[in-house]
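**Q** I would like the entire structure built from these sequences, with the hints used as guidance.
Numbering (the UniProt record's numbering), first residue to last: 1 to 282.
No lab work stands behind these hints: they were computed from the structure.
It is possible that some hints are incorrect.
[Said to hold, decoys possible] Result set (SDA-like, lysine to any residue): computed pairs, CA atoms no more than 25 Å apart in a straight line:
| no. | residue 1 | residue 2 |
| --- | --- | --- |
| 1 | 172 | 212 |
| 2 | 203 | 184 |
| 3 | 203 | 247 |
| 4 | 124 | 148 |
| 5 | 124 | 184 |
| 6 | 248 | 212 |
| 7 | 124 | 173 |
| 8 | 264 | 194 |
| 9 | 91 | 40 |
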Amino acid sequence: MKINNPNRFNQIYSEFNDPNGRIMVVAHRGDWLYAPENTLPAISNAIALGVDMIEIDVQRTRDGKLILMHDETVNRMTSGSGAIADLSYEKLLSFQVKRAQGGETAGFTREQIPTLEEVMKLVKGKVFVNLDKCWDIREQVYQVLLETGTVDHGLFKSDADPDEVAAFLESKPIRPEYMQIIHAGNAHLLHDPNALLAKIKPKAVEFIFEDEASPFSIEEAFRMFAGTCRVWMNTMWDSLCAGHSDVKSLKNDADGWGWGIARKVNMIQTDYSRQLLNYLQK
Numbered sequence: 001m002k003i004n005n006p007n008r009f010n011q012i013y014s015e016f017n018d019p020n021g022r023i024m025v026v027a028h029r030g031d032w033l034y035a036p037e038n039t040l041p042a043i044s045n046a047i048a049l050g051v052d053m054i055e056i057d058v059q060r061t062r063d064g065k066l067i068l069m070h071d072e073t074v075n076r077m078t079s080g081s082g083a084i085a086d087l088s089y090e091k092l093l094s095f096q097v098k099r100a101q102g103g104e105t106a107g108f109t110r111e112q113i114p115t116l117e118e119v120m121k122l123v124k125g126k127v128f129v130n131l132d133k134c135w136d137i138r139e140q141v142y143q144v145l146l147e148t149g150t151v152d153h154g155l156f157k158s159d160a161d162p163d164e165v166a167a168f169l170e171s172k173p174i175r176p177e178y179m180q181i182i183h184a185g186n187a188h189l190l191h192d193p194n195a196l197l198a199k200i201k202p203k204a205v206e207f208i209f210e211d212e213a214s215p216f217s218i219e220e221a222f223r224m225f226a227g228t229c230r231v232w233m234n235t236m237w238d239s240l241c242a243g244h245s246d247v248k249s250l251k252n253d254a255d256g257w258g259w260g261i262a263r264k265v266n267m268i269q270t271d272y273s274r275q276l277l278n279y280l281q282k
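**A** Given below as structure tokens:
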């Protein structure tokens, strides 16, 4: 798909709605290898790469502004310190943002912490966005999407009870896109997958699994949803995918990304979007 194609998002959206469609690539926190995570350049770089979706993390400041930051504090990624919930948006703008994934030794950049509104305006017409860390503030997040005309660009996700999810989805003038997270803590949802599908009609199911066989068979779980909705796998680190991770993929892609694809996974969230895109083109 051409990156400058004016119909790019429409094509991505159409493919996303095909549960049997091609493998879709999700860039974890944008292209953070070449720009600070969760910033506008990281997002722009990921769009230029040709990914289908970008995962972002949303937090709320003391004065109610929705901004992008994975952690609940600014310590790792900026020159400042403190909890985001205790800081004003104006104060956040005074901090320098660190390179890549930050940390004590990371250098500083000239980038600023972006707002969710800025991000949604940037991605509009170009790419899908996976909305992480924000289920508790979903009402305000939805309002930003509504105001920017990007409700169809944002994928909400949670491991919440289906009744809670359904109440949110069905109350909106434009129904949000939604993905259910399933892990060891809510594996009971697998006892009746048809009831889950009927209740909330998820467009995708994200599986988090440290072990392939316990507390549920991941291969069996994949099969339960394959062909009905999209099946999502995270490969950023071992505990998310029973070791079939990005690191494994870079050494032996058949036992990493290929392992999931062979088992009906058709959405992969990765820290190595370039390499995954190249792998899929082989």
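**Q** Of the numbered hints stated previously, which ones are contradicted by the structure, given in increasing order?
**A** 1, 3, 5
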